[in-house]
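**Q** Produce the complete structure using the sequences and hints provided.
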Amino acid sequence: MVQLNLPRGSKPTTGKVHKAPAGAQNVKTYKVYRYDPETDADPRWDVYEVSADDHGPMLLDALIHIKNEIDPTLSFRRSCREGICGSCSMNVDGRNALACTKGWAECSSHNITIAPLPHQPVVKDLVTDLSLFYAQYDSIQPYLQSDLPDPEKERLQSPEDREKLDGLYECILCACCSTSCPSYWWNQEEYLGPAALLQSYRWIADSRDDATQKRLDDLEDPFKLYRCHTIMNCAQVCPKGLNPAKAIAETKKLMVSPSRKKTAA
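Count the sequence shown with our numbering and you get residues 86 to 350, in order.
Keep in mind the hints are simulated off the structure, nothing from the lab.
Source: prediction; values computed, not measured.
Built from N, CA and C at the ideal position, the CB exists for glycine as well.
A portion of the hints provided could be inaccurate.
[Stated by the list, open to error] Below, in silico cross-link-like pairs of lysine-lysine (DSSO-like), each with a Cα-Cα straight-line distance of 27 Å or less:
1) LYS101 to LYS152
2) LYS152 to LYS116
3) LYS337 to LYS249
4) LYS338 to LYS299
[To be verified] Now the in silico label distances, taken between C-beta atoms and shown as ranges:
5) ASP235 to PRO97: 47 to 55 Å
6) LEU217 to SER194: 28 to 36 Å
7) GLY141 to ASP251: 44 to 52 Å
8) GLU255 to ASP223: 15 to 23 Å
9) GLU154 to LYS249: 44 to 52 Å
10) THR99 to ARG240: 52 to 60 Å
11) LYS96 to PRO343: 50 to 58 Å
**A** Laid out in structure tokens, this is it:
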């Protein structure tokens, strides 16, 4: 079960219950985490009874219905509604997911618990502060670095080398993997986490990039890379079906490769 990063010394309280109208059919009960650091001493769980006949098949449809028709104070992120942008990542029944690709019918019961991503500061309700997550992504320098002059057209790559990037480039930075990782919960100030390390290996594996050795040198640290203990939560929750743990393992192998040459300090 998910462990939430609650405000220090606080305990979630029982909040409001929004009952479904009399005679409503196909009713689902959503227990939603509510917390506004500016006004609330403690978080609370509000309950919304909603007829699934009144909205679309995804959990995001239910949340939008709740916000539009029942409680406009509810806050959450969303954008593409197609599993592309990663905005609506949250915790559903103890497991991280994208609300726009997770169907309410996939949940194991009619009572569905929705919480923010674990172990991240809460901005409001289901919105978390991902500043550290994006700073870690920025730290791996997620862009092509080449020693050659810029070509007049695109940098060419063989189909075989391009295929090596499959399972890496598809990451949408939703943070589902990193915030489901116990190693990241415990060491997130030092450990880069599954998402950043997957992205790091995406550039290390790119045949067009000339900064492989520098990228490996930047990971030469007891915490940045080596706090991964192959717990595998990252691979289980990734909404794109990626395996960050495999990318991390490949990076570790390169770190001890006999052919590796460290760049000059």
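**Q** Next step is simple, just say for each hint if it's right about the structure.
**A** Structure-based check of each hint:
With a C-alpha separation of about 14 Å, the suggested pair LYS101 and LYS152 falls inside the 27 Å cut-off, and the hint holds. Taking the CA atoms of LYS152 and LYS116, the gap is about 14 Å. The hint holds against a cut of 27 Å. Note on LYS337 and LYS249: the hinted pairing holds, with a Cα-Cα distance of about 17 Å set against a maximum of 27 Å. Proximity of LYS338 to LYS299 is assessed by CA-CA distance (about 16 Å); at most 27 Å being required, the pair is judged to hold.
Checked against the hint of 47 to 55 Å, the pair ASP235 and PRO97 passes, with Cβ atoms roughly 54 Å apart. The given range of 28 to 36 Å is respected by LEU217 and SER194, whose C-beta atoms sit roughly 34 Å from each other. Against the hinted window of 44 to 52 Å, the Cβ-Cβ separation of GLY141 and ASP251 comes to about 31 Å, which falls outside the hint. Separated by about 20 Å at the C-beta atoms, GLU255 and ASP223 satisfy the suggested range of 15 to 23 Å.
Between GLU154 and LYS249 the beta carbon distance is about 48 Å. The supplied range of 44 to 52 Å therefore holds. Checked against the hint of 52 to 60 Å, the pair THR99 and ARG240 passes, with Cβ atoms roughly 58 Å apart. For LYS96 and PRO343, the Cβ-Cβ distance of about 54 Å falls inside the hinted range of 50 to 58 Å, so the restraint holds.
Of the numbered hints given earlier, the model fails hint 7 alone.
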